[in-house]
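Residue numbers (my numbering), protein chains in the order written: chain P, 1 to 183; chain X, 1001 to 1447.
Derived from the structure by calculation, the hints contain no laboratory data.
Hints should not be assumed to be uniformly reliable.
[Unchecked claim] Here are the simulated distance ranges between beta carbons: (1) X:Met1044 - P:His58: 32 to 38 Å; (2) X:Asn1408 - P:Asp122: 25 to 31 Å; (3) P:Glu143 - X:Met1044: 41 to 47 Å; (4) P:Glu152 - X:Asn1408: 26 to 32 Å; (5) P:Lys156 - X:Gly1424: 44 to 50 Å; (6) X:Leu1305 - P:Glu22: 51 to 57 Å; (7) X:Glu1018 - P:His58: 24 to 30 Å; (8) P:Ser140 - X:Leu1321: 31 to 37 Å; (9) X:Asp1005 - P:Glu152: 19 to 25 Å; (10) X:Gly1424 - P:Lys55: 51 to 57 Å; (11) P:Lys142 - X:Met1044: 35 to 41 Å; (12) X:Met1032 - P:Arg59: 40 to 46 Å; (13) P:Arg59 - X:Gly1024: 25 to 31 Å; (14) X:Phe1021 - P:Ala113: 15 to 21 Å.
Predicted model only: the values in this text are computed from it and were never measured.
Glycine included, every Cβ here is placed at the ideal spot set by N, Cα and C.
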Amino acid sequence: MLTDLVEGCRKEDRNAQRKLYEHFHSKMLGICLRYAASREEAVEVLNSSFYKVFKNIHRFDDSKGNVEAWIRTIVTNTAIDRYRKESKRPNTIDLDYAYKESHGSIAVEDLTAQEILKLVQDLPPAYRTVFNLFAIEGFSHKEIGERLGISEGTSKSNLAKARKKLQKALSINYEIKRRQHAK
Amino acid sequence: MPNEDFFNRIKSKLSGIEPEFDPGDWAAMEAMLDRKRPIVPLRMMRVAAGLALIVLGYLSYSYFSNADNSRHALSYSSPGKNMVREAKTSTAPEKNYPLTFAEKEKVAAQKREALPKTPAAETKTENPAMAGNSESPASFSGEKEGKSSKGNAAAASPGSAVLFAAKKQADSYKGTADPGTALVSEPGESIVLVKKETLSIGTGENKGQTQIIPFEAMIPNTENRRRSWWIGMTANPGLQFVQNTQGSFARGVVAGMTFPGLPLSIETGILEDRFRYAEAPAASLFLGENHTESEGSLSGISIPLKANFHFRSRNRVQAFLSTGLTAFIPVKEQYVFSFDMGKLNNQSQALEALIVRDTFNLSNAAGQESKTTGTLDFSSSNGAISLPGSRGMYLLASAGGGLNFQVNPRLGFQMSAHYSRSLGGMGIEQRNMNRIDLGMAMHYFIN
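Input sequences plus hints: build the corresponding full structure.
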């Protein structure tokens, strides 16, 4: 089925394009949401990605990989490109987060996926991007540095700050929830 | 909690997020697909703008480096112009040099009859330098091989000598000769220049001085770039501050890379360089006070290697500093001199003036003695001799800075100023070179 859709997209068949978009929409939007600060921004990244997919579908070689992996790569790269284009001096924010580490592990379990996604989206773009690439996509700091045009040290630093900020936010959320529950 | 555990917990939570399909998302996608691209893409317009800048720079160079525009001292108004017109209306063809020897002789005879009697005709054969005029064509082959004596360093065939005199009776005349060459004519061919002596381009207190090689550093804003290789074009109109101010021009392609995460970049390239200069005449010059001014021009290939430092910037304008070394390989060099024909005694003297003799005591940049040839074109008012350049290389150090304008993540332009100075010549005579360049460049990121 996917092969037919890809073939239809190669012929610029709008119906095939719609079906392919619909097929991968949820999964790819899930990725975009992690890199974006809002749903609107995520949809922009998603559509930019699919625009590239449709314009370059003739380059896709079925024998060398599956279309999902190919689209996923495009989506991730588009998200990174967007960050690189819009980022301004990502390392100038000096954070001083006092957090209770013990709350971090509890909070992750107690919060919903949507709540955690919101916390990730609230991270500054530089931290959020490094966090996604390292923690979710599994890139090394060296690879992240090359992709984002930053040094390995900056990548490590951004990840540590992202972790700190996330843990603090998780602690606060956990505390709020706990108090609400106590009432 | 260890990092890995913390991240794994978040990852497992986030992996379940798969929002439902919203038809509105597809509507936006469809609108994007239906959007037509502009007929002329923005990128193309920017490239065109860059090319326009380069063309503008070249035109500026052409204008300012033209002797008629930059130095009015070379312009004379006199009846000589009328005489040139008379020569043109004669039966002689406009371009005689491709003619055979016999044809030249015939045309020369016609011209001899058509021209008014001047002292030149009488003194011509008395002048030792012109003794070759009465020699047979066979004697010129020896001249071409550079075997002639000093007193007969240059000679012209009878036909070509008279033809030359006939065509160049203008009192405003600029002859050209290659540094270190003697002029001989070969029957039935273009006039041939054989390197005989050395010719010094600088004279007086400026002896040995000329100007430098421009190279435009290109420092794009590379912040947050995943990869930082770039290619580009550069065009540099330059100003020279040695004897006087004249235009110069360099153009070429460059390529470079930025070190990820560092404000440093390196670059190299290949550029065509052209510049001109003017010198006061040497006291020893044969023409004495009649020789008003001499002009040299040098062109060649520059191969730079530069290191750049760019200051951090929050906007699209970024300042930079650069320094490096440039190898300059001369390709062509000319020496141009002018004299007042009206003040000379006769046409023979003019011809002698054009023929480079040992009395000039001239030397070219390399001081090389190898035989070289070129064509003297009398069909234009300036005349022109194009000759191979010296074999060797100059090494130059330069430093400068400027501003870079990042048009978009892929394209940038910049303006800059550079000061350069020669470190020395390799296989070539040392020259002191000083110059300030005003540069323009356009660069394009490969990725």
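Hint check results:
1. Checking the proposed 32 to 38 Å range against methionine 1044 of chain X and histidine 58 of chain P shows it is violated: the Cβ atoms sit about 23 Å from each other.
2. Separation of asparagine 1408 of chain X from aspartate 122 of chain P is about 29 Å and conforms to the stated range, judged on CB atoms against 25 to 31 Å.
3. Checked against the hint of 41 to 47 Å, the C-beta distance between glutamate 143 of chain P and methionine 1044 of chain X comes to roughly 34 Å, which is inconsistent with it.
4. Distance hint for glutamate 152 of chain P and asparagine 1408 of chain X: a CB-CB separation of about 28 Å, consistent with the stated range 26 to 32 Å.
5. In this structure the supplied range 44 to 50 Å holds for lysine 156 of chain P paired with glycine 1424 of chain X, their Cβ-Cβ distance being about 47 Å.
6. As the Cβ distance of leucine 1305 of chain X to glutamate 22 of chain P is approximately 54 Å, the hint placing it in 51 to 57 Å holds.
7. In this structure the supplied range 24 to 30 Å holds for glutamate 1018 of chain X paired with histidine 58 of chain P, their Cβ-Cβ distance being about 28 Å.
8. A hinted range of 31 to 37 Å for the beta carbons of serine 140 of chain P and leucine 1321 of chain X is consistent with their spacing of about 34 Å.
9. The hint said 19 to 25 Å for the Cβ distance between aspartate 1005 of chain X and glutamate 152 of chain P, and at roughly 23 Å that hint holds.
10. Separated by about 54 Å at the C-beta atoms, glycine 1424 of chain X and lysine 55 of chain P satisfy the suggested range of 51 to 57 Å.
11. Taken as a hint, the range 35 to 41 Å holds for the pair lysine 142 of chain P and methionine 1044 of chain X, whose Cβ atoms sit roughly 37 Å apart.
12. Distance hint check for methionine 1032 of chain X and arginine 59 of chain P: the Cβ-Cβ separation is about 19 Å, which falls outside the suggested range of 40 to 46 Å.
13. Evaluation of the 25 to 31 Å hint for arginine 59 of chain P and glycine 1024 of chain X yields a pass: the beta carbon distance comes to about 29 Å.
14. Range check, phenylalanine 1021 of chain X to alanine 113 of chain P: about 18 Å between beta-carbon atoms, so the 15 to 21 Å window is met.
Taken one by one, the earlier hints fail for this structure at numbers 1, 3, 12, listed in ascending order.
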